[in-house]
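Asks: Here is how the chains run, residue by residue.
Number of protein chains: 2
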Amino acid sequence: MTSEAEREQARERAADLLHEAGVVLTGDERREMEVVDYSFDRLEEVGTEIVVYENNDRYCAKELVLFDGQTCPEHRHPPFDDYPGKQETFRCRWGDVYLYVEGEEASESESDGTLQNPTVEPPFRDEYYTASEEIHLTPGEQYTIPPDTRHWFVAGEDGAVISEFSSPSFDEEDVFTDPKIDRMESSY
Amino acid sequence: MTSEAEREQARERAADLLHEAGVVLTGDERREMEVVDYSFDRLEEVGTEIVVYENNDRYCAKELVLFDGQTCPEHRHPPFDDYPGKQETFRCRWGDVYLYVEGEEASESESDGTLQNPTVEPPFRDEYYTASEEIHLTPGEQYTIPPDTRHWFVAGEDGAVISEFSSPSFDEEDVFTDPKIDRMESSY
Chain A
1 MTSEAEREQA RERAADLLHE AGVVLTGDER REMEVVDYSF DRLEEVGTEI VVYENNDRYC
61 AKELVLFDGQ TCPEHRHPPF DDYPGKQETF RCRWGDVYLY VEGEEASESE SDGTLQNPTV
121 EPPFRDEYYT ASEEIHLTPG EQYTIPPDTR HWFVAGEDGA VISEFSSPSF DEEDVFTDPK
181 IDRMESSY
Chain B
1 MTSEAEREQA RERAADLLHE AGVVLTGDER REMEVVDYSF DRLEEVGTEI VVYENNDRYC
61 AKELVLFDGQ TCPEHRHPPF DDYPGKQETF RCRWGDVYLY VEGEEASESE SDGTLQNPTV
121 EPPFRDEYYT ASEEIHLTPG EQYTIPPDTR HWFVAGEDGA VISEFSSPSF DEEDVFTDPK
181 IDRMESSY
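Line order of the protein sequences matches chains A and B.
Using the working numbering, read the first sequence as starting at 1 and increasing by one per residue.
Using the working numbering, read the second sequence as starting at 1 and increasing by one per residue.
A portion of the hints provided could be inaccurate.
[As the list claims (entries may be wrong)] Label-pair ranges, simulated between beta-carbon atoms:
id, chain 1, residue 1, chain 2, residue 2, range
1, B, T119, A, D158, 32 to 42 Å
2, A, S3, B, Q9, 49 to 59 Å
3, A, E141, B, D16, 28 to 38 Å
4, B, R30, A, G27, 26 to 36 Å
5, A, D158, B, E45, 46 to 56 Å
6, B, F124, A, S3, 53 to 63 Å
7, A, H136, B, D171, 25 to 35 Å
8, B, E172, A, N56, 46 to 56 Å
9, A, F124, B, A5, 50 to 60 Å
Derived from the structure by calculation, the hints contain no laboratory data.
Fair warning: this is a prediction, and the values are worked out from it, not measured in the lab.
C-beta atoms are modelled at their ideal positions from N, C-alpha and C, and glycine is treated no differently.
With the rest of the complex left out, here is chain A (with noise of 0.2 Å):
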């Protein structure tokens, strides 16, 4: 399990790309960022840092802190209830990022349902990273995900910033397509 100690240590470098990246929080923000390690102890290669700006029954708003070749494990945003599911958009704001979303090429070139030669390999536990249509999002480029779309993105050897405009967020909803995943035991 990730440390406290390792999330506070995580805060702080992110706080330094957003700083970076000419991103001002104020301290509440700073200090309650969360800070997702994905259920596994491997936060430099698995994990994101968030800060929540908004999040209200009409829309959300929010930072998405990547290092230098973390990924956020491949997940989806289903629909429930009455809710047709959570749209994103990524809009790099500093640094770069590659995006797999799932999309037409993947499905029809891929018979066995695994990634083929994307610029950045997932860490680890390949088996369940299937998105392959790959898009390279530099600084004021931006992609905009379907809900209930399969997708996991990495940073490049910067580290990025991204900011995301979305629908409203209910995290406990996400269905990740690796099972050891718990994503609202691993953040806090």
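Could you slot chain B onto chain A? The hints should help.
Replies: Okay, now just chain B, sitting in the frame of chain A:
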């Protein structure tokens, strides 16, 4: 009418402020930046420069730029059809902004509906500026404006860059307190 040369000059100046704030735009975003003069030919005093990142049927995200002392005049986002009206969160990224919203204080203390000593005076036509609850936002601070609530805002002496996160935006439905203002005819 604000000339195209004046509008292009405003885009250039707004792009400089965004650059100062660390915000990176694509070439298309820079070229398509909206310059709104709110039907006055006094852009330095009354106007807003806007980059729309995303406006879909579920959420909207924009960057708003105001020059030193430039004012966005009072308006509200009313409900229409099945839509409950636009709700928006303003997050100050750079500079500072004085936001005035219709509030308890205003409606209780002012019998004639006029402003009581705001820090920043409205530019002119002040009978059309009635919201008087002052919220001063500095970088990292944000405020959420409920639907159908009158509000206006003005930048401090260095200008301001504001990220707006909101429900979907329908500019054509905005209601300005000053009936002279035609929102849709005042930007291109």
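Asks: Could you run down the list of hints and mark each one as holding or not?
Replies: How the hints compare with the structure:
no., hint, verdict
1, B:T119 to A:D158: 32 to 42 Å, "holds (41 Å)"
2, A:S3 to B:Q9: 49 to 59 Å, "holds (54 Å)"
3, A:E141 to B:D16: 28 to 38 Å, "violated (21 Å)"
4, B:R30 to A:G27: 26 to 36 Å, "holds (34 Å)"
5, A:D158 to B:E45: 46 to 56 Å, "violated (41 Å)"
6, B:F124 to A:S3: 53 to 63 Å, "holds (60 Å)"
7, A:H136 to B:D171: 25 to 35 Å, "holds (33 Å)"
8, B:E172 to A:N56: 46 to 56 Å, "violated (24 Å)"
9, A:F124 to B:A5: 50 to 60 Å, "holds (57 Å)"
Checked against the numbered hints given earlier, this structure breaks hints 3, 5 and 8; the rest are met.
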